[in-house]
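S.K.: So you can see what is in the structure, the chains are spelled out below.
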Amino acid sequence: MRKLTGLLLMGGFVLYLVSLVPGLFNATTPTALDSVGAAIIEDSRTTSGSANVVTAIVVQYRGLDTLGEVTVLFVSALGVAILASGFRDDVFRSMFADDDGGFILQYGGRLLMPFIVLVGVYIVAHGHLSPGGGFPGGVLIATAVFILILTGQSARMPHRLLSILEGAAGLGFIGLGALGFLGSELSFLTNTLPKGEYLTLLSAGFIPFIYAMVGIKVASELTTVVSVLTEAPGHESGKEEGRS
Amino acid sequence: MVSPMLFIIAPLSAAFIMILFNSRVIALGLSLLVPIGLAWLGLSWLPYTLGAAQPILVASIPAPLGIPLSIDALGAGMAILVAVSAALVVLYSSSYMKKGHHEVRYYTVVMILLTSAFGLVLTRDIFNLFVFFEILCISSYILVSWEQDGAALEASFKYMVLGSIGSTFLLVSIALVYRVAGSLAMADVATALATAPRGYVAFAAVTFLFGVGVEAAIFPVNTWLPDAHSSAPSSISAILSGFVIELALVVAFRVLNTAFAAVDTLPLVRVVAIAGVIVGEMAAFGQKDLKRMLAYSSISQIGIMLFAFSLGTQAGAQAGLQHLLMHAGAKSALFLIAGYFIVRTGSRLIADYAGLGHRMPVSAALFGFAALSLVGAPPLLGFFTKFQVLSAAGAAGGFTAWLGVAVILFGTVLETVYLFRVLRVLFAPAASGSPARADMDWPALAAVALFTALVVFGALLLPTLSQMIGPMADGLASLL
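If you read the protein sequences in the order shown, they are chains G and W. Here the first sequence stands for residues 105 to 348, numbered as in the numbering used here. Here the second sequence stands for residues 130 to 609, numbered as in the numbering used here.
The following block holds chain G by itself, in its conformation from the complex (with noise of 0.2 Å):
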């Protein structure tokens, strides 16, 4: 039967491709390249007021798409934690080391633990200026906790803190999007705020308030993950969290 199905599957792709594709591969590559990049690069500086062009694409021009990433980031990891209080074995448990890893790696871990999260702090806040932003700043923060766990010294997360970092974080980020209708247009996630002068920390309007809000969603979403992932087994908090 899974045969069957695979086969159907491919089956049913091929027959598509043969159905409608007789000149693929004498078709000429198409020329005209003339994409909206260039027109943004032009626009950017005035319309965002951040320097890095490519935070102005993920803020501004395609703010809605990066509402839509969070939203598919915040809803895995609701699944992952969802799925991992289920698991009756200790399935993540084994990868990690019964003893507690050592006087070394726990005291380097905890000394390293300030300075990534201060990187991560510094990306976050900077990705309007430099490469960087609310999603590798948040990883970053999320890696602190991290190395934690690797070194053994998973002390029970606050789970309940984490999930109202996370709802605040989100609604934090629709919020500054609402700030739009405020404006003019009256449109959703209009970049309202003063925009400051061009090249320093507190410029361009709403994107260092957004990215701050991404970073802080996806270090509190990552770290759900990772420690709900190692604490899974017998694990109460998520039913308790359930049960409200």
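Warning: the hint list may mix true and false statements.
Said to hold, decoys possible - 27 Å max Cα-Cα, derived BS3-like pairs, lysine-lysine:
#, chain 1, residue 1, chain 2, residue 2
1, W, 287, W, 227
2, W, 417, W, 287
3, G, 107, W, 227
4, G, 107, W, 287
5, W, 227, W, 417
It is worth saying that the hints were derived from the structure and are not from the lab.
Given the structure of chain G, go ahead and fit chain W onto it with the hints provided.
M.R.: Just chain W now, kept in the frame of chain G:
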């Protein structure tokens, strides 16, 4: 006027608020109030969209630099359908879902699913479409795996593998399109593809159809559906079969029919639609598990809608949309009632429901009405919609259209046989004396009764609907 952006903002904010407060009362209240409010919002926008589509500006940046959204009659209509169905399913869930088992998270994921559903009908940008498809897929995987037993996990995993393959193809198609169009707005894509080499456009169109076809359950990439829709909790089966696949179908067809209009994919689509009808009905005929039977029936019903759309005529599009409305009501009701059959008997097999009609008379009667409408028994809505599909096909003419008519009629015979088999078991004489009555709990009953009322009295709505169905059907062939 309240901005239609609220369709995306409101359910998403509701999801974040639920996670923030983590309280059952807040979650349940919000997930009831938000869809009701959005249904009202859709109704208030509907009159304005009948004349012309209303563009929605995002971030004050017009296309092609920004993301164009727009609400047209089709979008408003689908949004109302989604919102009303969601409100009723949430009402049902309030008594059906087990208390405490991640209940808040359940409503959160449902709200995210709603966000993506509304996003899909509003967006006019192919990459934004991809993002909302991803959200729709991921929240569906989670909801399918909800029971966390072997069957649910397997179904969800299968669904995820196929869905990911589909998403990859969709992304490849978007990349191909962006290469020639240099813009992601569907309107620009349509213009650019009109002059691009035909083979190239055909390749992009096929990749697109294959990618979205997985989520829209178009034959033959729908192999995940019977497992997923039967293993999910029944409230989720109702959402997935009731509006998610229909919505994906409408969106997929609209994009194929507008942005990729440079190649004529309609004959191909018609053939796969007819194949879907016959395969779905034949597979449903052999099922012993009620929910699997209903899931296979969804495959064939999707085929009927796609067949109607693929006729390429105004009458076909109208008939397809009306059939979609009927199927949303009937299939939601059937899945929701099947959920309580399973709760009361502890079994999924039809054979174990013998005499259940005496224990749950109201539920079984509603089941009967919904099933009759699905088959197309005369005074019910299903009769009119199926008849319109057939007459539109007759008017369109041509070999494949008549083949479709023959297949749909044959499928109807099969459908009648297997649904009546269920009804006969339900109303079989009870085995032991007079069993205690145990109908559905009242919130569930109310929700199911409203869905059934739609398919029983829906024919009375048809005159009102006929004034709006024209602009809605036009939405399948225009992007504005």
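S.K.: Which earlier hints turn out false for this structure, listed by number in ascending order?
M.R.: 3
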